[in-house]
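If you want the building blocks of each chain, they are given just below.
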Amino acid sequence: MAEQDWKANKRVFAAVSLPTLLWTIAFFVVPMAIVWFYSFGENAGLNEIHISGTLDNYKRATEYLYLGIFGKSFAVAALVTLTCLIVGFPVAMAITFASEKWRPWLLLGIMLPFWTNLLVRTYALMILLGQQGYANKGLGMLWGGASWTKTLIGLQPLPTWEPVQLLFNNFAVVFGLVYVHLPFMVLPLYAALDRLDRSLIEASLDLGAGHFRTILRIVVPLAAPGIVAGVMITLIPALGAYLTPDLMGGTDSQMIANVIERQFKKANDWPFGSALSFLLIYAMFILIALQSLRRKVPEAG
Amino acid sequence: MAFFSRTPIAPLEYSRTLWMRLWVGAVMAFLYAPLVVLMIFSFNDSKRNVVWRGFTLKYYDKALHDDALIEALVNSLTIAALATIVSLILGAVAAVMLWRFRFPFKGAVDGTISLPIIVPEICMGVAFLMFFAKLQWSTDLIWPLNLSAITIAHITFCFPFVTMVVRSRLASFNREQEEAAKDLGAGEWQMFRDVLIPHMRPALVAGALLSFTLSLDDFVITYFTSGPDTVTFPVKVYSMLRFSVTPEVNAASTILIILTVALTAIALKLQGLKAIAETH
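Protein chains in written order, with full-length UniProt numbering: chain F, 1 to 301; chain X, 1 to 280.
Just so you know, these hints were derived from the structure itself, not from any lab.
You may find that some hints are simply not true.
Stated by the list, open to error - Here are the in silico distance ranges between beta carbons for each label pair:
(1) F/5 / X/39: 52 to 58 Å
(2) F/51 / X/183: 28 to 34 Å
(3) F/210 / X/201: 42 to 48 Å
We treat Cβ as the ideally placed atom computed from N, Cα and C, and that holds for glycine.
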């Protein structure tokens with residue numbers, strides 16, 4: 001029995017389609033449409049917005065300042081995604097090739113932080129990275145060790161350790177985003193690697209390729225769909241991240257979501273905020289379109 | 001599996017090589033160290049967070065007697081429970097619709113339903129802010145009606161995840177079972193209840209777990225949707241963090257971490273470790 005035509009059983013179709021369709025229209029399509037209409041409006045008073053069909057908000061969004069923030073958000077998200085990929089790939093491989101007994105536990109180990117509140121995780125990282133936190137203490141100890149080793153071999157000791165600023169800068173934002181997005185990357189990578197035909201890896205090793213070359217030339221190309229999925233699933237939320245740059249970033253590490261928030265909460269410029277929101281949504285659409293384009297090319301060829 | 005195993009490592013046993021173990025160990029340390037430090041310092045008898053001054057439970061006592069904090073936690077749990085129930089129903093029927101029927105504009109309907117997954121939280125947040133402002137939705141109703149706006153927003157971003165999980169489960173359903181049930185005289189409803197729902201059950205549990213955690217986790221959308229008097233746990237913790245970092249935040253966060261672990265343990269008991277690992 002293939003898919004049923006909706007006319008064949010109208011009553012059942014209505015029962016399973018109406019609740020969700022009505023909900024989606026009332027509480028998703030309509031709110032998004034309001035934002036879209038407002039993005040063509042202008043402030044006509046303190047609490048009044050006149051939807052005049054103006055493109056001024058979009059024009060303002062292409063000013064150097066806002067384009068710069070968009071560009072920077074992309075750069076940060078891309079850097080976060082790349083770091084997650086490099087850090088997460090060996091982890092996904094380790095889970096794939098772990099014994100039956102260990103695999104579920106390793107997966108759970110990756111997923112548990114993912115289920116822990118984002119705010120709590122960000123805050124926990126802030127304690128660790130703080131001026132007197134353990135990250136700084138650890139670095140200080142390493143520095144001390146290096147200094148001691150240098151004295152031991154007869155060189156001048158290093159200058160005394162100065163705590164470094166690990167919070168409220170761009171580094172902190174990237175670090176924090178990698179911390180919260182790592183599970184997003186590992187899980188799709190694992191799903192792709194798990195489906196891999198292992199005899200291909202064995203063949204490559206038998207034919208004399210080293211492990212590194214096998215991974216680079218055999219495993220990575222075969223796992224490409226999973227890598228693309230992992231990249232998308234990390235890049236998209238990282239691009240729209242609000243909380244991490246807000247809490248861990250400094251004044252110069254704001255991302256696009258922070259700028260949108262400010263238009264609504266402080267600047268009270270709803271039309272401009274709406275325009276920025278929709279530009280962000282369009283950016284997501286472009287990313288997804290690029291991904292599906294990439295997927296279709298090998299099929300056609 | 002002993003750490004220093006005597007048997008030689010086979011070529012494909014990547015997870016037994018030393019560098020892999022070190023890598024995984026380092027990543028796990030990276031993931032868990034902040035949480036462990038946070039939990040340890042929630043017992044620290046010091047106003048400043050970083051220096052250990054001895055063991056105390058006084059911040060738990062303070063947190064548990066902080067009415068605003070408790071109210072926020074109760075709000076969060078109520079919203080999460082309500083959002084989970086409605087999301088399960090909406091998500092499951094949507095999955096059945098997309099799986100069973102062929103209808104005009106199916107692609108568009110499918111796309112619109114899954115859109116909340118990819119639209120950034122901040123954009124959904126401002127959309128709900130404007131929507132409820134436009135409707136002049138009242139926020140000073142009696143509990144739990146004052147949570148209605150937040151709950152509606154949470155359902156909107158939770159149920160597509162349920163649809164996604166249930167749909168992938170339905171793909172493995174043998175449609176002949178449905179025909180067999182009908183041949184044996186089952187009505188639509190009976191078939192749905194006795195054949196389809198049991199088949200969907202693991203996905204429903206996974207979907208419920210996903211909705212509950214997504215709702216409990218959400219800060220951004222709630223931040224825009226909540227009125228001045230309806231505060232959820234993440235929003236409360238955020239304001240505590242912004243305005244006065246006290247060790248109470250550590251205690252409150254630890255309570256939430258323990259809650260998450262407990263929920264996970266219950267889910268594991270219900271489903272088994274393997275099923276959980278497979279559904280995600």
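Taking the hints in turn, this is what the structure says about them:
no., hint, in the structure
1, F/5 / X/39: 52 to 58 Å, "holds, 56 Å"
2, F/51 / X/183: 28 to 34 Å, "violated, 58 Å"
3, F/210 / X/201: 42 to 48 Å, "holds, 47 Å"
The structure does not agree with numbered hint 2 stated previously, though it agrees with all others.
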